Amino acid sequence: MATYSTNEFKSGLKIMMDGDPYAIVENEFVKPGKGQAFNRAKVRNLKTGRVIERTFKSGDSVEGADVVDVDLQYLYNDGEYWHFMDPQSYEQLTADTAAMGDSAKWLKEEAICQVTLWNGVPLSVAPPNFVVMTIVETDPGVRGDTSGGGGKPATLETGAVVRVPLFVQNGEVIKVDTRTGEYVSRVKE
Amino acid sequence: MPSPPRNWRPVADGDTLRLRAELLAKTRAFFAAHAVLEVETPALSAAAVTDPHLFSFATPYSGPGPRHGRMLYLHTSPEFPMKRLLAAGSGCIYQIAKVFRDGEAGRRHNPEFTLLEWYRVGFDHHQLMTEVAELVTMLLTGRLPLATAERLSYREIFQRHLKLDPHRVSVTELARCVEQCGISMVPGMPMDDVDPWLDLLLTHGIESRLGQGRLSFIYDYPASQAALARLRPGDPPLGERFELYVNGLELANGFHELGDAGEQRRRFEAENAARGAQGLPAMPMDENLLAALEAGLPDCAGVALGFDRLVMLAAGKAAIQDVIAFPADRA
Numbered sequence: 001m002a003t004y005s006t007n008e009f010k011s012g013l014k015i016m017m018d019g020d021p022y023a024i025v026e027n028e029f030v031k032p033g034k035g036q037a038f039n040r041a042k043v044r045n046l047k048t049g050r051v052i053e054r055t056f057k058s059g060d061s062v063e064g065a066d067v068v069d070v071d072l073q074y075l076y077n078d079g080e081y082w083h084f085m086d087p088q089s090y091e092q093l094t095a096d097t098a099a100m101g102d103s104a105k106w107l108k109e110e111a112i113c114q115v116t117l118w119n120g121v122p123l124s125v126a127p128p129n130f131v132v133m134t135i136v137e138t139d140p141g142v143r144g145d146t147s148g149g150g151g152k153p154a155t156l157e158t159g160a161v162v163r164v165p166l167f168v169q170n171g172e173v174i175k176v177d178t179r180t181g182e183y184v185s186r187v188k189e
Numbered sequence: 001m002p003s004p005p006r007n008w009r010p011v012a013d014g015d016t017l018r019l020r021a022e023l024l025a026k027t028r029a030f031f032a033a034h035a036v037l038e039v040e041t042p043a044l045s046a047a048a049v050t051d052p053h054l055f056s057f058a059t060p061y062s063g064p065g066p067r068h069g070r071m072l073y074l075h076t077s078p079e080f081p082m083k084r085l086l087a088a089g090s091g092c093i094y095q096i097a098k099v100f101r102d103g104e105a106g107r108r109h110n111p112e113f114t115l116l117e118w119y120r121v122g123f124d125h126h127q128l129m130t131e132v133a134e135l136v137t138m139l140l141t142g143r144l145p146l147a148t149a150e151r152l153s154y155r156e157i158f159q160r161h162l163k164l165d166p167h168r169v170s171v172t173e174l175a176r177c178v179e180q181c182g183i184s185m186v187p188g189m190p191m192d193d194v195d196p197w198l199d200l201l202l203t204h205g206i207e208s209r210l211g212q213g214r215l216s217f218i219y220d221y222p223a224s225q226a227a228l229a230r231l232r233p234g235d236p237p238l239g240e241r242f243e244l245y246v247n248g249l250e251l252a253n254g255f256h257e258l259g260d261a262g263e264q265r266r267r268f269e270a271e272n273a274a275r276g277a278q279g280l281p282a283m284p285m286d287e288n289l290l291a292a293l294e295a296g297l298p299d300c301a302g303v304a305l306g307f308d309r310l311v312m313l314a315a316g317k318a319a320i321q322d323v324i325a326f327p328a329d330r331a
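Chains P and Z are the protein sequences, given in the same order.
Using this note's numbering, read the first sequence as starting at 1 and increasing by one per residue.
Using this note's numbering, read the second sequence as starting at 1 and increasing by one per residue.
Hints are computed from structural coordinates only; laboratory data are not their basis.
Please note that a few of the clues may not be correct.
Pairs of lysine-lysine residues, derived as BS3-like cross-links and limited to a Cα-Cα distance of at most 25 Å, are as follows [stated by the list, open to error]: (1) P/K42 <-> P/K10; (2) P/K42 <-> Z/K317; (3) Z/K317 <-> P/K10; (4) P/K152 <-> P/K188; (5) P/K108 <-> P/K47; (6) P/K188 <-> P/K105.
Among the chain Z residues that face chain P by a calculated CB cut under 8 Å, a handful are [stated by the list, open to error]: (7) V186; (8) P222; (9) A223.
Covered stretches of chain P (in silico footprint by chain Z; criterion: 3 or more residues with CB under 8 Å from a CB of chain Z, positions within the stretch not fixed) [said to hold, decoys possible]: (10) 48 to 60; (11) 81 to 89.
Computed from a predicted model, the values in this text were never measured in an experiment.
Here a beta-carbon is modelled for each residue, glycine too, at the ideal position from N, C-alpha and C.
Input sequences plus hints: build the corresponding full structure.
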């Protein structure tokens, strides 16, 4: 894998530290009036999502991380692993629970997900920004209420629970923003 | 027809550019009133700075003349030729020069920037600090509330903020202090050199607290960080160097200038040796400067002030790019 000089640091660059892949979030060049310059970086651990601060001597090199984002189609879950396919090459890849994180609850079969691969293995999975799902369970609401205020919990076909307006009924299809976990609208079938 | 680049416009706004021009005019008036002569020296030179932490842009010269086929270097400061003028009897001089430093870019750095550099014959570093305070206070008055300027030794700021004596401390103690300050472990820090550790603590642990609401001069640096300042004998000997900070921003660096040609040559050689140890090429040292020192530099103090940073303070801007019409990304 390539190495990167601190002069190549920019947000989004993937580097290896302590055996884990990290992405640079922010990079600041600091230098006393005379003497050693440093790069003071904020970096995100791509396995845990945690952001920490790390300082490097300017001009030093850091090993790059073989991390790429690919669009893969979700196929099925076998009880232990989630199976994905590259729609171009038909190559199949499996992701474990750690890589899936909270994303599993948003996945319906055939959904196209952005999967981050580290050394060719799924490291994290991002669901589509918007998903369309059927409500399988929610309390009957007041039909006349279209205000959207208040709301109630609704369980979706994948098991995810979102707050929906009171007028939304069991069996209806809704659009959800997976980044916030919030209801967007009803969808006409 | 190709579409024009989207970023042709200046970054600095009109008010900032007018303020910049006003500060330049006031600076020139200040030196005219103090009978300090404005000079110009070459930006492009056959000699270069040997400091292992400074990187010169280099370009080959292919035209006619004695420099044919030579590598020429853009200056990182006009210090060496200005000292040749002093040795030639110029008297007190100043220059407002564009200087160039490869590898320096960020919110407080642009690889090309403006230095205000001046030399006062017969001054020591304390007398020059007084004049720097006079000029900077005059330029910032009405734009930045400033309490009375303070002077603290390098030792005092380390004792005040980190409870350690920078002139007696070991690498082990410095490493412990770095950890206690919550600064991340920095790969590749040397175990036989305290200076990078002091630099780390200064930039990460102290700098942001220096000069809050006032001019803060830091003076008397470790001999190993004297750069081009003379050493004052003592236990330990100290470099007669100073830095100015305002609101955590490093604004100026000054010296009671080293005039000893032999000592200057030894420092150049030591710096080139340090470059070699780091895998960096040795730089051609300025033999003209050494010859001028040999002929005799008048006793003097000199200072280089980052003019763009002064404009940042006056304009209330957080990034150097905001006070430059076309910073590196749009140059």
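| Which of the numbered hints are not met once you compare them with the structure shown? | Result: hints 8, 9, 11 break, sorted rising.
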